[in-house]
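Assemble chain B onto chain A, guided by the hints.
Protein chains: 2
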Amino acid sequence: MTTESQVTAPTQAVAGFRLTIKAPLVLQSGAKLAPVTMAYQTYGQSNAEGTNCVLVCHALTGDHFVAGTHPITGRPGWWDALVGPGRVLDTNRFFVVCANVLGGCMGSTGPKEINPETGHPWGLKFPVITIRDMVQAQAALLDHLGVGQVFCVVGGSMGAMQVMEWAHRFPERVFAAAPIAGSYRHSAQNIAFHEVGRQAIMADLDWQHGDYLEKGTMPKRGLAVARMAAHITYLSETALHRKFGRKLQDRSALTYGFDADFQVESYLRHQGYTFVDRFDPNSYLYITRAMDYFDLAEENGGVLSNAFVGTPVRFCLISFSSDWLFPTSESRTIAHALNAVAANVSFVEIESDKGHDAFLLDEPEFRSTLQGFIDGAANIRGLPRRATP
Amino acid sequence: MTTESQVTAPTQAVAGFRLTIKAPLVLQSGAKLAPVTMAYQTYGQSNAEGTNCVLVCHALTGDHFVAGTHPITGRPGWWDALVGPGRVLDTNRFFVVCANVLGGCMGSTGPKEINPETGHPWGLKFPVITIRDMVQAQAALLDHLGVGQVFCVVGGSMGAMQVMEWAHRFPERVFAAAPIAGSYRHSAQNIAFHEVGRQAIMADLDWQHGDYLEKGTMPKRGLAVARMAAHITYLSETALHRKFGRKLQDRSALTYGFDADFQVESYLRHQGYTFVDRFDPNSYLYITRAMDYFDLAEENGGVLSNAFVGTPVRFCLISFSSDWLFPTSESRTIAHALNAVAANVSFVEIESDKGHDAFLLDEPEFRSTLQGFIDGAANIRGLPRRATP
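Protein chains in written order, with the working numbering: chain A, 8 to 396; chain B, 8 to 396.
In isolation and in its complexed conformation, chain A is listed as follows:
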């Protein structure tokens, strides 16, 4: 099922490596997309056999800068706590790869890139892409990198959806899979939250029906509102309460106005208005749509376990107790489906009050759980053991 592709040599750029795949990628919708550029980063070295690759899949607003310093924000990569020498995804042992998803806005082909047929940004002429399409593009990248079977595919949130799709679509190319804080399909409530975000972007007149790059405008206000709404869903009520409660922002009393009296308001506004500097509004539409469309059960006759009959993949499912965006019940459903086909699966719910965002934070129990799974799978795969500190 991998895309046959002619590839050009990757070039090192400010935004990491780029690979351009000239052969058309046939999308789930039936549309063909060419060329496809994948922006990606690698950490550590591939072994001679090409068996030590860890493919990291990023979430909705993530990117391929997993570790080290992000070249645009100047802050640590989103999983810097987990990826590096001696860390859980140990770059002394593993060849860690992460690509900006298809439809993204950090260098991979997406709606803000130039449509070669018109010479103008794609905008809404960009085809709707799916989680499957993202994974197909990643597979083409791994072909180019000489990775046959991935040692472990791992990711949280939308990253977990990609992990599930990888295990379903390419079972022989995945030795181990760790979908974290994820699901096999997007729930009605999650679709609803995404729809609010999309409506907020589209409601901004500066969106210009998707042609803002051509028109020289930018729907920053709409995108900021979308981000604010989404951000609430990433946290738990408990975390919000502990972090902010009803504490006032730089004032000792209510001002009886519409400024950000409460710290939680100030925080949300900050989240919204910093986001617009690093994210493309149309990408937000496309990627949320890809998540909404994801439903591995529906694609397999309504029975999730059908997607994994006879799977050789070793699974480790991780959820967080206070995550209400991708609650534990979703991971439990996956665990049941995998058990129903006698798959090799472990499932751990991490006690945390930090909500969905916990997968991005340095939660010790999460880290040790993933560490245990990775080390155990590495032993079975015959990869080097972790150096004892």
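What the hints contain is simulated information worked out from the structure, not anything from laboratory work. Be aware that one or more of the hints could be misleading.
List of simulated lysine-lysine pairs, DSS-like, C-alpha gap at most 25 Å [stated by the list, open to error]: (1) A:LYS29 x A:LYS39; (2) B:LYS132 x B:LYS29; (3) A:LYS119 x A:LYS39; (4) B:LYS227 x A:LYS227; (5) A:LYS222 x B:LYS227; (6) B:LYS222 x A:LYS227.
The following block gives chain B in isolation, referenced to the frame of chain A:
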């Protein structure tokens, strides 16, 4: 503490009764507001002693058309199932009163009404009002109606906040109080959701810094987005899943576009875009702000029970098990605080998977619980018993 007021005779209009209070209302902020018009409805008749009044307090987007046919939407009033002859709030026995809240947009003084000092709509020059201010205005209305002690103050959501404020501020004027699906203070998460709604409205260029009525524009897109975000919080994940799941809207397959493929998207858009025909965007800002500011504990030295020391009021607290906007834990905190001052309180959590909106629906257990409380309190108060059917 009641406002001394000169009143003009109420006039019957399309939008029910109106009372204009000429004496200034001193707001919690210290600002003075005059005149104050209260739009209200009454159902049933006051008894000779004026002891059979049930004051119904409405929620954020509710109004005073509790029962019968709403004159604008043509649909039943929001608590028509509970208010009427022989119903829980039996208009054969009780004199039911409901007023549009101060700051509202259905006839009571609010930001869309004319500022008498300028001859133009108030807009953002309208003073920020609080739940206490809403209650003070209601008290002035009851003064006018000849109601000394209210038999029962009842309401859900923001209505419950008013009930709590009534019991705190005017304990001698409240015989019984039924705060439903409410709280004694707005949580950080709820403030956050409100802030998203306000930001959505303010992000709409047609909002015109609040002067849209003057400028002849209307921030419908922003208000619709605010409503959509809020609407998700009114339902439970279970209810959304049962009602919509991932069902498609008038189509048999995904369209790979941004139309409303899913029923839940179509539903949300409908909720958003019908709301703008009946609600004023600035009112939405002011009323959400009033809810955010509400904190009966903070106002009483950080100890909620201080607000109810020696209270003679009989309380019935009702919550719904799947309500995540005003979860049961909030009502439980109130129950504990009332117990701590040996108040007369009963507390019932209704099993329902319908979320916060359950208080607006005809949930049999909810209805019978409220019925039991009302009937018991009426007996103690010496009001007529319910006619046996």
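So, against the hints stated earlier in the document, which numbers end up violated here? No numbers; nothing is violated.
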